[in-house]
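Can you build the whole structure from these sequences, using the hints too?
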Amino acid sequence: MIILLDHRGGLTASIDGGPATTVDNLAAFVALHERSHPRWVWDDTSWWYPPLLEAGVRVERCWDLRLCHAILRSSLLTTDSTLARAPRGAWDEPRPRPRAAADDALFALDEEPREEHPDPVAEYAAQRAAVEGSAQPARIELLLAVESAGALIAAELRHAGLPWDRDAHDAILTELLGPRPRAGERPEKLAAVLERVSAALDMPDLNPDSPVELLRSLRLAGLNVNSTGKWELREHDHPVVEPLLEYKSLARLLSANGWAWLDAWVVDGRFRPDYVPGGVVTGRWATSGGGALQLPRQIRGAVVADPGWSLVVADASQLEPRILAALAGDAAMIAAGAQGDLYAGMVASGAVDTREHAKVGMLGAMYGGTTGASGQVLPRLARAFPQAIGLVEEAARAGERGERVMTRLGRTSPLPSQAWATAQSDAGGELATAASTAQARSRARAWGRFTRNFVVQGTAAEWALCWMAGIRRGLAELAAGAWFTESAHLVFFLHDEVVVHAPSGQADRVVEIVHEAAADAGRLLFSPREVAFPLTVAVVRSYGEAK
DNA sequence: CGAGTGTGCGCC
DNA sequence: AGGGCGCACACTCG
Numbered sequence: 007m008i009i010l011l012d013h014r015g016g017l018t019a020s021i022d023g024g025p026a027t028t029v030d031n032l033a034a035f036v037a038l039h040e041r042s043h044p045r046w047v048w049d050d051t052s053w054w055y056p057p058l059l060e061a062g063v064r065v066e067r068c069w070d071l072r073l074c075h076a077i078l079r080s081s082l083l084t085t086d087s088t089l090a091r092a093p094r095g096a097w098d099e100p101r102p103r104p105r106a107a108a109d110d111a112l113f114a115l116d117e118e119p120r121e122e123h124p125d126p127v128a129e130y131a132a133q134r135a136a137v138e139g140s141a142q143p144a145r146i147e148l149l150l151a152v153e154s155a156g157a158l159i160a161a162e163l164r165h166a167g168l169p170w171d172r173d174a175h176d177a178i179l180t181e182l183l184g185p186r187p188r189a190g191e192r193p194e195k196l197a198a199v200l201e202r203v204s205a206a207l208d209m210p211d212l213n214p215d216s217p218v219e220l221l222r223s224l225r226l227a228g229l230n231v232n233s234t235g236k237w238e239l240r241e242h243d244h245p246v247v248e249p250l251l252e253y254k255s256l257a258r259l260l261s262a263n264g265w266a267w268l269d270a271w272v273v274d275g276r277f278r279p280d281y282v283p284g285g286v287v288t289g290r291w292a293t294s295g296g297g298a299l300q301l302p303r304q305i306r307g308a309v310v311a312d313p314g315w316s317l318v319v320a321d322a323s324q325l326e327p328r329i330l331a332a333l334a335g336d337a338a339m340i341a342a343g344a345q346g347d348l349y350a351g352m353v354a355s356g357a358v359d360t361r362e363h364a365k366v367g368m369l370g371a372m373y374g375g376t377t378g379a380s381g382q383v384l385p386r387l388a389r390a391f392p393q394a395i396g397l398v399e400e401a402a403r404a405g406e407r408g409e410r411v412m413t414r415l416g417r418t419s420p421l422p423s424q425a426w427a428t429a430q431s432d433a434g435g436e437l438a439t440a441a442s443t444a445q446a447r448s449r450a451r452a453w454g455r456f457t458r459n460f461v462v463q464g465t466a467a468e469w470a471l472c473w474m475a476g477i478r479r480g481l482a483e484l485a486a487g488a489w490f491t492e493s494a495h496l497v498f499f500l501h502d503e504v505v506v507h508a509p510s511g512q513a514d515r516v517v518e519i520v521h522e523a524a525a526d527a528g529r530l531l532f533s534p535r536e537v538a539f540p541l542t543v544a545v546v547r548s549y550g551e552a553k
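In terms of the numbering used here, the numbers along the first sequence are unbroken and rise by one, the last being 553.
Since the hints were derived computationally from the structure, they do not count as laboratory data. There may be inaccurate statements among the hints.
As the list claims (entries may be wrong) - Label pairs and their computed distance ranges (CB to CB):
{"hint": "1", "residue 1": "A379", "residue 2": "S423", "range": "49 to 55 Å"}
{"hint": "2", "residue 1": "E362", "residue 2": "A488", "range": "36 to 42 Å"}
{"hint": "3", "residue 1": "A379", "residue 2": "P100", "range": "40 to 46 Å"}
{"hint": "4", "residue 1": "E483", "residue 2": "K553", "range": "27 to 33 Å"}
{"hint": "5", "residue 1": "A337", "residue 2": "S233", "range": "43 to 49 Å"}
{"hint": "6", "residue 1": "E483", "residue 2": "R547", "range": "22 to 28 Å"}
{"hint": "7", "residue 1": "W489", "residue 2": "Q393", "range": "44 to 50 Å"}
{"hint": "8", "residue 1": "E66", "residue 2": "S423", "range": "37 to 43 Å"}
{"hint": "9", "residue 1": "D312", "residue 2": "S261", "range": "28 to 34 Å"}
{"hint": "10", "residue 1": "H43", "residue 2": "P102", "range": "28 to 34 Å"}
Claimed, not checked - With a Cα cut of at most 30 Å, we get these calculated DSBU-like pairs of lysine-lysine:
{"hint": "11", "residue 1": "K553", "residue 2": "K236"}
{"hint": "12", "residue 1": "K195", "residue 2": "K254"}
{"hint": "13", "residue 1": "K254", "residue 2": "K553"}
{"hint": "14", "residue 1": "K195", "residue 2": "K553"}
{"hint": "15", "residue 1": "K236", "residue 2": "K365"}
{"hint": "16", "residue 1": "K365", "residue 2": "K553"}
{"hint": "17", "residue 1": "K254", "residue 2": "K365"}
{"hint": "18", "residue 1": "K236", "residue 2": "K254"}
{"hint": "19", "residue 1": "K195", "residue 2": "K236"}
We put the beta carbon where it would ideally sit given N, CA and C, even for glycine.
As C-alpha cells, then:
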C-alpha cells in the first residue's frame, strides 16, 4: 500500500486502489493505517515526520521525493529518464518554508504567487519510471529506499535525543578548564596555560586567538613557522610549543563544546542534533547546528544512559578499506579482512611489513596521498591488491578527465565546474603557457582525488544507511508495539558508528541486532561476494567508556 | 553593525 | 600536490 501526501498533508492518491480523499488529522490517519504497512510518499520527511512523532505516530516506511529526486537527477543509472532530462525545477530546490509573518507584508502585493508546491503524484510517477527504466533498477531502488529510511532515522534521532548528563559535562569542563567563569572571562586553568605561553614568547599582552598576531609573535621568538597550526608547531622544539598546544586544545573545547554549547543544545537531559541526510555530495549526512558529527572524544563522558538503561556503542572496523575491497571484488584483500583486523591480515599475507604501513598506505590510496610513508608503500599494495588499488586509480583518472563516477548503488559524483573544464581545454590550446598548463594539471589531479574518494566514501555511506535501516527494523521488532523511545532505540550516528540507548535487559539482544544488521548490509550491497564487516561493540553506561 | 571570508581544528 | 564536512573566532568590508 502506498499513500501520497500533498503539500498540506492532504491525501491525494492511494495507489492500491482506494479513492483519493483529504484528511484533516494526519496523525490519526497514519495511526489508522499503521497495520497495513503503507509506504508514505511525501515531499520532505524533515517537514512531515517531526510533528507526527510529536503526536505519537511512528512511520515504518517512506519515500522522500526530494531526496530521491536529487539522486535520480544525477545518477548515471538513470541518465536517459524523463526526470533526468527535464530542466531543473521545484523538486531540485529545498521545500519552500512558510514565510514568517513579518515577511508577508513584503510579498502581499505579489499578484501571482509562484507555484510553490509541485505535484507529488506526477513526481512519484516520474521517479518510478526512472527506476524501472534504469540499467540497474534493483541498485537504484535500494539506494532510494535506504536514503528515505535514513530521513526517517534522522528525525527519530532528533526526537529521541542523545542522553546527556549536564553534571558530568560540567565536571569534565571544570576538571580541564576550571570552574565556569563569568561571561567574557577565561576559565582559570585556560588563563594559567596562557600565562605560560606569554612567558615563553615574552609577550605579556598576547592575544593567542588572533592567528596573525600569534604568528608574528612566534616568528619574533625565533620559530620558523608559516602558520600557527598544531601540525607545524609539533615539529619544533621550543618552550612555547607544549603550552601553546595545550592552550589550543582547551580553547577549542571551551568554544566548541563548553558551557555555552551545553546551554544552547542540551535540553531536559537530551542533545538533539539536526542531522541532514544527503547533506554531503558523497551521500554522507551533514549536520546543521550543534556539531553532532564533530563531537570530540574529550566530552563523550557526558553521554550517559538513563538509570536502568545502557548504551550499546557499535562501530564498523576499517569500514572504508573493506568497502574498497568489496567494491573491487579483490579476493586477496577480502581474504585479508576475513579473520578480523584487516591491516593485520594484510601484514600476514606478506603484502606489507607493518600494520602501520598497511594503514597509511590504504588511507593514501583512498585519499590520493602521494607523499611520505603512504606513497612509499603504495607500489607494494598495488602489486598485492591490484583490483582494489586499480579501482581507486581508475576513479581518479576518470575524475581527471572530467568524467563522473558512481557508488555501488548508483549515487553519482557531480561534474566539475565550467571553469574547471575551460581551464582543461585551454591547457591543450595554442595560447597555453607553462603556468596555465601546470595550473590545469593541478586542478585535474585535485578533482581526481575527489572522485577517487567519492566511490569509497559514498559506498561506505550506503553501507551505513543499510546498516542503520536494518538496526531500526530489528529494534522495532524488539519493541513489539511499544513506543520506540520506551524500548531500545538509536540515539546517535557518526558515519560508521551508532549508539543505541537500551533498557539494560535488552542490551544483549541489541548487540545481536547490530551484528545481524551489519552482515545484512554487506549482503545487500555486495552479494554474492562474501565480505566481512566486523564491528567493535561495547555495552556501557557512558559513551566515554567505549573504545 | 552585520555579512562575508579565512584560519584552524574537531569528527569520519 | 590529503577526501568529506561544521563551527567558532578573527578579520575585512561596506
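Verification of the hints:
1. Restraint check, A379 to S423: a C-beta distance of roughly 33 Å breaks the suggested window 49 to 55 Å.
2. In this structure the hint that E362 and A488 lie 36 to 42 Å apart at CB is violated, the actual value being about 47 Å.
3. In this structure the supplied range 40 to 46 Å holds for A379 paired with P100, their Cβ-Cβ distance being about 44 Å.
4. Range check, E483 to K553: about 28 Å between beta-carbon atoms, so the 27 to 33 Å window is met.
5. Distance hint for A337 and S233: a CB-CB separation of about 44 Å, consistent with the stated range 43 to 49 Å.
6. Evaluation of the 22 to 28 Å hint for E483 and R547 yields a pass: the beta carbon distance comes to about 25 Å.
7. W489 and Q393 have their C-beta atoms about 47 Å apart, which keeps the hinted 44 to 50 Å range intact.
8. Between E66 and S423 the CB atoms are about 41 Å apart, so this pair conforms to the stated range of 37 to 43 Å.
9. A hinted range of 28 to 34 Å holds for the C-beta pair D312 and S261, which are about 29 Å apart.
10. Checked against the hint of 28 to 34 Å, the pair H43 and P102 passes, with Cβ atoms roughly 31 Å apart.
11. Simply put, K553 and K236 have alpha-carbon atoms about 25 Å apart, close enough for the 30 Å limit, and the pair holds.
12. With a C-alpha separation of about 13 Å, the suggested pairing of K195 with K254 holds against the 30 Å cut-off.
13. Restraint check for K254 and K553: satisfied, since their Cα atoms lie roughly 24 Å apart, inside the 30 Å limit.
14. This hinted pair checks out: K195 and K553 have alpha carbons roughly 28 Å apart, not beyond 30 Å.
15. Note on K236 and K365: the hinted pairing holds, with a Cα-Cα distance of about 23 Å set against a maximum of 30 Å.
16. Between the alpha carbons of K365 and K553 the distance comes to roughly 18 Å, so the proposed pair stays at or under 30 Å and holds.
17. Of the supplied pair hints, the one linking K254 and K365 holds, its CA atoms being roughly 28 Å apart against a limit of 30 Å.
18. Our distance criterion of 30 Å between C-alpha atoms is met by K236 and K254, whose separation comes to about 8 Å.
19. Only pairs whose Cα atoms come within 30 Å are accepted, and K195 paired with K236 is accepted, the gap being roughly 20 Å.
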